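A.B. asks: What follows is each chain in one-letter form.
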Amino acid sequence: MLRLAVFASLLVLMQSASAISSLHITADSVTHDTATAQQLELMVDLASTTVTAKAVHIQYQTIEARNANILLDYRALNNQNQHNQSQPSLTLNTDLKQNTDTSWAKTQMYCLLPKNLATESWDCSNGKFTAQRINLPFSLSVLPQTKGFIANINLQNANFSDEAGLHAAEKLNGHLTLVAKQEGDTLNFNSALNWQTGEVFWQPLYFANGGHELQMQGNLKGDIITLDNATLKLDKVGDLNFSGKINTKNYTLYKLDADLPSLNLTEAYPLLFKPFLGKTMLNDAELNGKAALNIHVVDSQLKTFKIKLEDVNIDDKNHKFAFYNVNADIPWSYDDATKVSFSYNNGQLLNMPLGRTNIGAEVNRYSLVSPSITLPILDGTFKLSDISAARINDNWYWHLRAELTPVSMPDASRAFKLPIMQGKASAEIPLVTYSGGILTTDGEIVLNVFDGKATVTQLTLQNPLSDAPRLSADMNLRNLDMGSLTRTFSFGAIEGKLDGDVQDLEMLNWKPIKMDAKLQSSDGKYLKKISQRAVENISSLGGAGAAAAVQRSVLRFFNEFNYEKMGLSCILRNNICEMSGIESTPGGYVIVKGSGIPAITVLGYNKTVGWGELVDRVKHVIDGNTKLIVK
Amino acid sequence: MKKLLLSLFVIVSILTANWVAAAADLEVNTPAIAALKASMQARHGQLSPFYSAGAIGLTKDGMIAVKDATAVPLSQRGSLSGLVSAENADRANLYKEIATANGHAEWQGDIQNTFAGRWIDKAQSGWFYQSGGGWAKK
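If you read the sequences in order, they're chains A and B. Here the working numbering is used: the first residue of the first sequence is 8, the next is one more, and so on. Here the working numbering is used: the first residue of the second sequence is 155, the next is one more, and so on.
Hints in this document: simulated from the structure, not taken from any laboratory. As the structure is a prediction and not an experimental result, all values here were calculated from the model. A portion of the hints provided could be inaccurate.
What the hints assert, rightly or not - Straight-line C-alpha distance at most 27 angstroms; calculated DSSO-like pairs for lysine-lysine:
#  : chain 1 : residue 1 : chain 2 : residue 2
1  : A       : Lys431    : A       : Lys532
2  : A       : Lys240    : A       : Lys262
3  : B       : Lys191    : A       : Lys518
4  : A       : Lys252    : A       : Lys313
5  : A       : Lys286    : B       : Lys291
6  : A       : Lys135    : A       : Lys113
7  : A       : Lys626    : A       : Lys572
8  : A       : Lys286    : B       : Lys214
9  : A       : Lys286    : B       : Lys250
10 : B       : Lys191    : A       : Lys324
11 : A       : Lys424    : A       : Lys313
12 : A       : Lys521    : B       : Lys191
13 : A       : Lys327    : A       : Lys431
14 : A       : Lys315    : A       : Lys252
15 : A       : Lys460    : A       : Lys532
16 : A       : Lys390    : A       : Lys315
17 : A       : Lys390    : A       : Lys424
18 : A       : Lys243    : A       : Lys297
19 : A       : Lys521    : B       : Lys250
20 : A       : Lys390    : A       : Lys525
21 : B       : Lys250    : A       : Lys518
22 : A       : Lys178    : A       : Lys228
23 : A       : Lys228    : A       : Lys188
24 : A       : Lys327    : B       : Lys191
Said to hold, decoys possible - To list a few chain A residues with every Cβ distance to chain B over 12 angstroms, as calculated:
#  : residue
25 : Gly225
26 : Leu357
27 : Pro360
We put the beta carbon where it would ideally sit given N, CA and C, even for glycine.
Work out the full structure: start from the sequences and follow the hints.
C.D. replies: This is the structure:
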C-alpha cells in the first residue's frame, strides 16, 4: 500500500566497511489510504537502536498535523538507555488541528512499549494536549484486544474553554475507561466516565464540583448509536437510567426510555432547573423534597411521562407564593386520557393563606378539565368550577368560574397586613378567562364588605405574577357602613353610609396610576354625625386652606356635628390628583356640608395634589399622627 | 442636475432626521417607563462589575453583549448571560415605550439609535463599547 508519490532518496552512510550503522530515508510525499505525509524523514540508528520519524505535514481525513516527531527508543533492550527504563519507549511530539481551525494545538506523549505489542498494555504518562485556552495533561494506557482495545485515560488538573468562555472547565480531574470491540460493521462499546473533581460551566449549567459518573453500554453502527444501558449518577442529585437509539447525523431520536426514580429537589433545583427558568416566576424559589420522573419517546414523539412529587416544599424568595407538603401524581400519555392528582397541605399566594387542597383533573393530551376544585382560604373556601385549560402553540388558555364563601375580614386584613376590618367578605366571580398572559372576568365580582356591597366589573389582570402586574377595573361601593369603616382605619368617627364609584381604575404593580374616583355619603335617611377628629382629618386631606376654613372656636365646643352630605373626588392622571367635593365654591370646593345644630362645613382649596402626597396625608391620618402634613 | 437632486435629497433627509430627534421627548415618563427604569436600575449593581472587568460591553445598537465571558469566574458565568438577556429585554421595551409615549411607535428605531450614543457617552472609563467592527475601551 505504501506508495512513494514523487521520489524517495535512499541515503546509506557507511561508517565502517563491514556494517551499516545508520539509515536515513527522506520522501517528499507519502500517501497511505486517506493519509498523506509531506517531507517525511526516517532515521534508523542501529548503533543506539533508536528510530526517529519526522514529517513536516500530515493530513488524515479532517485532521492535520505538522512538525510531527516520533522517537522509538529500543536502547532498553541492550541496556544503553539513560532513563533507567526497562522497556523500549515511544515519544510523540506534534502540532495538531482540525482543518477548519486557525490555531494549532500541541500534543506530546511518552509511552512505554510492552514486549508483546499486540497483547500487552501500552502505558503512556506525561501526556499533554495544549492549545489556546486548553491545557489537558493526561495519562493513557491501552491494552490491545482481539478486534478492539481497553483504554484508560486519566485527566489531571485539566483546563479548557471555548473562545466565548461559555463551555469551560477548570482544575478538572477525571477518569475514562473505554472498552471497544469491532464485530462486523458494528462497534460495541462500554464506557465509564468518572468526573472526580473540578468545576465546569456548560452554558447555562454550572457544576461547582465533581463526584459525578456516566456509564454507557451500547453500539455504533453507521450513524446510529444504540444505548442498551446507561446511567448518569449526579452526586447528591439522583441517578438517571436511560436507554435509546439516536441517529448522530440528523439527531432523529428513534427511541428513548428514561427513568429517574429519586431526584433530590434541594440539590437539583439550583443545579439543573434554575438555569433554565430565566425570568419565569419560578426562578427565585427554594425547593426541597423528592421527585420521580419517567419518560418514553418513540420516533421523536413524547409518548408518555410520569411525574411524582413527594412532600415537596416550594417557597418563593420574594414571598409571592409558597406551597408546602406538595404531593402529586401526574401521568401523561399522548394516546390516552389520564387522571392527575395534586395536593398541598398549606401555602400562600400573594400573601393569601391557603389551606389543605386536593386537586383532581383529567388530562387529554394538551388539555385539562376538572369539574371543581375547592381551595380553603382562611375560614372560607374559594370554589372553582367548570375548569378547563389548554396549551395551544406554547400558550396557556383557561377559563373557570369562582365563588368565595364568607371569609372573616379580621383574618383577611391580618393576612394582607391591613388595618383590622370587621365583618365577613364573600364574592362571586362569574367567569374568569386567562389568555395570552391576560386574566379577564366577565360580569360582576360582588364583594360583601362593611355591611354594604362592593362590585368590581371589567376586571383584567395582565401578568399577575410578574414584576409589573397591571390591573384595570371599574368599582362601585354602595351603602358601606362608615361607622365600622372609620373605626377600622382610625380616621375619627363618622356615622353614615358611603357610596363610591371608581371608573377606569388602572393599577401598575398594585399602585393606582389612573382613575376617576368619587366617594360620597349615600342618599337616603340615616344618622349623619361626624366627630371633631374626623373633621380635622378630612380638612387635612383638602389641604392647608381647608384646615384654616374650619371655625376652630366651634370645634372646641362640640365633639360631634351633623352633616347633610359629604364627598370627595379625585381624577388621577400622571401622578396628579385633581380634587373636588360635592359642590364648587369660588376658589375651592365643599367636602362636608353641615346641617342643623351644631353644623359644620368643611371646604377644600387644593385643587390639585400629587398622588404621593395625598397617600402620605391619608397614611398620617390613619396612623393617628396628629402632626398633619399640610403643604 | 443629478448632483443638485442628490444634495437636495441629502438635505431633506438630514432635516427630517433632526426633526424626529428634536420632536421626540426622550425623558417622557409613564408608569411603564418608570417600572422599566427601576428594573434596570436594580440590575445595574449586578452588571457594573462585569462592565469593569470587560466581560460585557455596550453595543452600537443600544443593547449590551457578552464580550469576554472568560473575565468572569466559571461560577458567575450563568448569571452573566441571564443578566444580559434580561437587560436587553428591558432596553428593547424601554425604546418601545418611549416611542409609544411620544405617540409615534415608528420612532422606536431612531430612539434606540439615540440611546446607543447616550449609553456610550455616559459609560465609565474602562468600559467597553462596540466601535467599527470590534470593541473599544473607553
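A.B. asks: Work down the list of hints and note, for each, if the structure agrees.
C.D. replies: Hints, verified against the model:
1. A:Lys431 - A:Lys532: holds, 25 angstroms
2. A:Lys240 - A:Lys262: holds, 21 angstroms
3. B:Lys191 - A:Lys518: OK: lysine 191 of chain B and lysine 518 of chain A at ~16 angstroms, within 27 angstroms.
4. A:Lys252 - A:Lys313: holds, 21 angstroms
5. A:Lys286 - B:Lys291: violated, 31 angstroms
6. A:Lys135 - A:Lys113: holds, 8 angstroms
7. A:Lys626 - A:Lys572: Holds - the C-alpha atoms of lysine 572 of chain A and lysine 626 of chain A are around 24 angstroms apart, at most 27 angstroms.
8. A:Lys286 - B:Lys214: holds, 25 angstroms
9. A:Lys286 - B:Lys250: Judged against 27 angstroms, a Cα distance of about 20 angstroms means the pair holds.
10. B:Lys191 - A:Lys324: holds, 23 angstroms
11. A:Lys424 - A:Lys313: Answer violated: lysine 424 of chain A to lysine 313 of chain A is near 40 angstroms, above 27 angstroms.
12. A:Lys521 - B:Lys191: It holds: about 20 angstroms lies between the C-alpha atoms, which stays within 27 angstroms.
13. A:Lys327 - A:Lys431: Measuring from Cα to Cα gives roughly 25 angstroms; hence the hint holds.
14. A:Lys315 - A:Lys252: It holds: about 26 angstroms lies between the C-alpha atoms, which stays within 27 angstroms.
15. A:Lys460 - A:Lys532: holds, 18 angstroms
16. A:Lys390 - A:Lys315: holds, 26 angstroms
17. A:Lys390 - A:Lys424: holds, 24 angstroms
18. A:Lys243 - A:Lys297: Answer holds: lysine 243 of chain A to lysine 297 of chain A is near 12 angstroms, not above 27 angstroms.
19. A:Lys521 - B:Lys250: holds, 21 angstroms
20. A:Lys390 - A:Lys525: violated, 33 angstroms
21. B:Lys250 - A:Lys518: holds, 22 angstroms
22. A:Lys178 - A:Lys228: violated, 35 angstroms
23. A:Lys228 - A:Lys188: holds, 12 angstroms
24. A:Lys327 - B:Lys191: Since the Cα atoms of lysine 327 of chain A and lysine 191 of chain B sit roughly 22 angstroms apart, the hinted pair holds (cutoff 27 angstroms).
25. Gly225: Fine: 31 angstroms to the nearest Cβ keeps glycine 225 of chain A off the interface.
26. Leu357: Answer for leucine 357 of chain A: holds, closest chain B Cβ roughly 18 angstroms.
27. Pro360: holds, 28 angstroms
Violation of the numbered hints given earlier is confined to hints 5, 11, 20, 22; the remaining hints are satisfied by the structure.
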